[in-house]
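First to last, the protein sequences are chains A, B, C, D, E and F. Mapping to the working numbering: the first sequence position 159 is 252, numbers consecutive. Mapping to the working numbering: the second sequence position 148 is 241, numbers consecutive. Mapping to the working numbering: the third sequence position 79 is 172, numbers consecutive. Mapping to the working numbering: the fourth sequence position 155 is 248, numbers consecutive. Mapping to the working numbering: the fifth sequence position 14 is 107, numbers consecutive. Mapping to the working numbering: the sixth sequence position 58 is 151, numbers consecutive.
Quick caveat, the hints were computed from the structure, so don't treat them as lab data. It is possible that some hints are incorrect.
Identical chains share a label here; the pair holds if one copy fits it or two copies do between them.
What the hints assert, rightly or not - Below, a list of computed lysine-lysine pairs in the DSS-like style, where the Cα atoms sit at most 30 Å apart: (1) Lys95 - Lys249; (2) Lys255 - Lys123; (3) Lys203 - Lys247; (4) Lys200 - Lys95; (5) Lys123 - Lys254; (6) Lys255 - Lys215; (7) Lys123 - Lys141; (8) Lys95 - Lys245; (9) Lys123 - Lys247; (10) Lys95 - Lys247; (11) Lys95 - Lys134; (12) Lys225 - Lys249.
6 protein chains.
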Amino acid sequence: MKIGIYPGTFDPITNGHIDIIHRSATLFDKVIVAVTTNPQKSPLFTIKERMDLIQSSVHSLENVDVESFNELLVNYAEKRGAAAIIRGLRATSDFEYEFQMALVNRKLSKNLLTVFLMPNEKYTYLNSTIVKEVAKLNGDISCFVPKEVYIKIKEKFQELKKGAK
Amino acid sequence: MKIGIYPGTFDPITNGHIDIIHRSATLFDKVIVAVTTNPQKSPLFTIKERMDLIQSSVHSLENVDVESFNELLVNYAEKRGAAAIIRGLRATSDFEYEFQMALVNRKLSKNLLTVFLMPNEKYTYLNSTIVKEVAKLNGDISCFVPKEVYIKIKEKFQELKKGAK
Amino acid sequence: MKIGIYPGTFDPITNGHIDIIHRSATLFDKVIVAVTTNPQKSPLFTIKERMDLIQSSVHSLENVDVESFNELLVNYAEKRGAAAIIRGLRATSDFEYEFQMALVNRKLSKNLLTVFLMPNEKYTYLNSTIVKEVAKLNGDISCFVPKEVYIKIKEKFQELKKGAK
Amino acid sequence: MKIGIYPGTFDPITNGHIDIIHRSATLFDKVIVAVTTNPQKSPLFTIKERMDLIQSSVHSLENVDVESFNELLVNYAEKRGAAAIIRGLRATSDFEYEFQMALVNRKLSKNLLTVFLMPNEKYTYLNSTIVKEVAKLNGDISCFVPKEVYIKIKEKFQELKKGAK
Amino acid sequence: MKIGIYPGTFDPITNGHIDIIHRSATLFDKVIVAVTTNPQKSPLFTIKERMDLIQSSVHSLENVDVESFNELLVNYAEKRGAAAIIRGLRATSDFEYEFQMALVNRKLSKNLLTVFLMPNEKYTYLNSTIVKEVAKLNGDISCFVPKEVYIKIKEKFQELKKGAK
Amino acid sequence: MKIGIYPGTFDPITNGHIDIIHRSATLFDKVIVAVTTNPQKSPLFTIKERMDLIQSSVHSLENVDVESFNELLVNYAEKRGAAAIIRGLRATSDFEYEFQMALVNRKLSKNLLTVFLMPNEKYTYLNSTIVKEVAKLNGDISCFVPKEVYIKIKEKFQELKKGAK
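Please work from the sequences and hints to get the whole structure.
The structure is reproduced here in structure tokens:
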């Protein structure tokens, strides 16, 4: 059985991520969407919230699991017996960072493949940060994220505004 | 009347920005230089100071106004009846970020155009951050910014050094 | 009256070009689509055929004219009294070439502006060459070009195949 | 059974191509290396020679076949029942062209995936053109290509020199 | 005597930096590795630690000195009588930032050259940040840094973990 | 004595090339401008004409020689005892090609350095091809090339037009 791991922060999951997950599910026997708990920046959603939002967005795909991990990605991938790490490539700006990570991961785990997929061009310039920036200023993000995320992110910013008072 | 909006942080305005404003003023009937009040990083100059520096730098251009805005750019542009958002493209590194923003803005406001202009190649690699870094270490920034900004930025760093003592 | 010139080879016009022409028509009082007769490579369509295909694709736009030119672009633009040259920016790979041309044109004609517009992301990776390559191998190009071009390009390749026999 | 198609000109196959084929062979149940007969430029090796050189270079891999094709890639892939097209991504300059092709192919065949793999960084800047340029000037290409190609390319250039006399 | 200055944060020095220093030492009569004390981000190692790690890594090179500096780079270079600033170029993403800095430095000191060298492709995607990220998660960084750095960085993270308890 | 080789086609030399030669002459004890006789495309000027134009453009620099070469660059560089190959980097689009060549050259000649210099930003987007394209259409190229080239290129195109009649 060929397992692919799709790692990320997913704060929150966007339609671009979901597009990549759908494509991955046709390529691998099993896809694990793996939420990193490594806190680089202060996230908007907790790990639990992020995993729930992913789960509700991809529940129709039977061969997709959602997990979190808190260690070096290559070690986690080895434990899961993964054949490959899956990464979405949207634009040139992604490209070099992704290459760097793929090369470093290969140095750390010789047989672990990195597989790059390309989302629909509709999602080329979409990422979680821009979704949050637009939502924060009350912009309409309904075409960028699934409905569950749309509702949750509105709630989140209302909470934050109340808390700021 | 065709209105173009040139949004930015302008912390502070540089000769590169001024070059774009001059070009825009020949393309549009009216150009609004719009200072965002959205505090991403801690700015060196206050909104008021930044607006004053822009004003004194472009006062010779009759069809240019200076404003500030505190909402989603596309909403602000719609209120002003703008035909287009104006952005300067200096180098490849700007390119993808600008594209992302333009695509997102188009999703949010279907008829709002983004127009890209290119500054003189003298200003290709100039931005506000580098001006501040050089000024902070007492480098000569007189060829990067208008005279008013040159004087003001020196004062600002002297204040900051006094405050640090 | 502000005139914009949109120069190109248009061999043949694609949906991406048409998208740029529509946007330009809202920005300028008059847009001239200018087909270069400068034969860099052997074109598939004659100047006359290319102009006819453009004409039939944009006839609904009242302020758009189609012309051909056979001289230095900046000289042609000056004769027409153009305020700006219009260029579509699709991807990073376009960017540097376009910059080079814009800088050279500015050197040759100081007050001539180059204005960059961005097509819908649907057309990001579309160009005339790829349309011809796909059509040549009998691929379906109906989503890449207007109907008139679709019909004409099929005829053209049938002629060429007959001629090759 | 998941089939991946690795298309290209392979004029001739390099160590970079071989690296991608090895990686692909662990990801797919079967990999078809598909030599295009579409003559864009005048190739150094005939289709038959190119296929033989690929065959001798990858004969140790049991799940790899070598074929040629003479039609639209997506049509060929559909006939073979391929799940994905495989492409190597070496550097930023590859990136946009590959994206364009992948997007066009997706338009032409909705369910066909394009999967990008990255060769070892040793092969980052290696391609068939540079191998031929160095070989033509008697440079040592033994670290760029398999031994069979090394021998054959020397023979080829000696033939060409004799023919030129 | 031609002096080259190789400035940087070196937090910590990697095999990629060392590769550049070795190349520089064949080009210049004297190379000064210059550690900036300008605290942009909170560094892992102190200036003293970073200088010691560089020193122990390049002690075999007789014409290489290690220094620190706390002023505008061009002023420091002038004081040292340097003919050139040395920068490593690893990938496209470095390129534009380096260009910007080189252009600004030229504006500030007209005769100061910036010389770009390229590390071995093995180090193309290596930088200090990635070394620290991998080390923090107990990954094996022995192929990325010299032995002294390998030992020291392990100690550092053990101290930090103890301190965090 | 440190020798740098600046190879190229120089068809014809531009102000950008001259800028790089001036910079190189301060870095190396001797600079050899080396015109390749390898005919990739049909050049406008003969080797002899190109060498004469370079000579007349840099005659004020005592440590600069002009030569031609007809073999693998690394072999030629070794014969001349060169410490480094000099290349100008103007823009991102140059970058990857130059990297590829530098890496291949390093493979072929282990100790040969490639040194990248950056021309004045005035020349960022200048190259021989664009000079010829503008000159061919009677555009004014006086700010792109030295006076000798300006005169010679006009003569050349007048000859070509006569020949075409």
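Results of checking the hints against the structure:
Within a single copy, Lys95 and Lys249 get their C-alpha atoms no closer than 37 Å, and across copies no closer than 39 Å, so neither meets the 30 Å cut-off. For a Cα distance limit of 30 Å, the shortest separation of Lys255 from Lys123 qualifies neither inside one copy, at 42 Å, nor across copies, at 39 Å. In the homo-oligomer, the alpha carbons of Lys203 and Lys247 lie at most 30 Å apart only across protomers (23 Å), although the nearest pairing inside one protomer, at 43 Å, exceeds that limit. Taking the shortest alpha-carbon separations for Lys200 and Lys95, both the intra-copy value of 21 Å and the inter-copy value of 28 Å come in at or below 30 Å.
Neither within a single protomer nor between protomers do Lys123 and Lys254 lie at most 30 Å apart by alpha-carbon distance, with minima of 40 Å and 36 Å respectively. In this homomeric assembly, Lys255 and Lys215 never come within 30 Å of each other (Cα to Cα): the closest approach is 34 Å inside a single copy and 40 Å across copies. Within a single copy, Lys123 and Lys141 get their C-alpha atoms as close as 22 Å, which meets the 30 Å cut-off; across copies the closest is 39 Å, which misses it. Neither within a single protomer nor between protomers do Lys95 and Lys245 lie at most 30 Å apart by alpha-carbon distance, with minima of 34 Å and 38 Å respectively.
Taking the closest pair of Cα atoms, Lys123 and Lys247 never come within 30 Å of each other, the shortest separation being 32 Å inside a single copy and 36 Å across copies. Within a single copy, Lys95 and Lys247 get their C-alpha atoms no closer than 38 Å, and across copies no closer than 35 Å, so neither meets the 30 Å cut-off. For the identical chains of this complex, Lys95 and Lys134 are neighbours neither inside a copy (32 Å) nor across copies (39 Å), given an alpha-carbon limit of 30 Å. Taking the closest pair of Cα atoms, Lys225 and Lys249 come within 30 Å of each other only inside a single copy of the chain (10 Å); across copies the shortest separation is 33 Å, beyond that limit.
Hint compliance for this structure: hints 1, 2, 5, 6, 8, 9, 10 and 11 are not met, and every other hint is.
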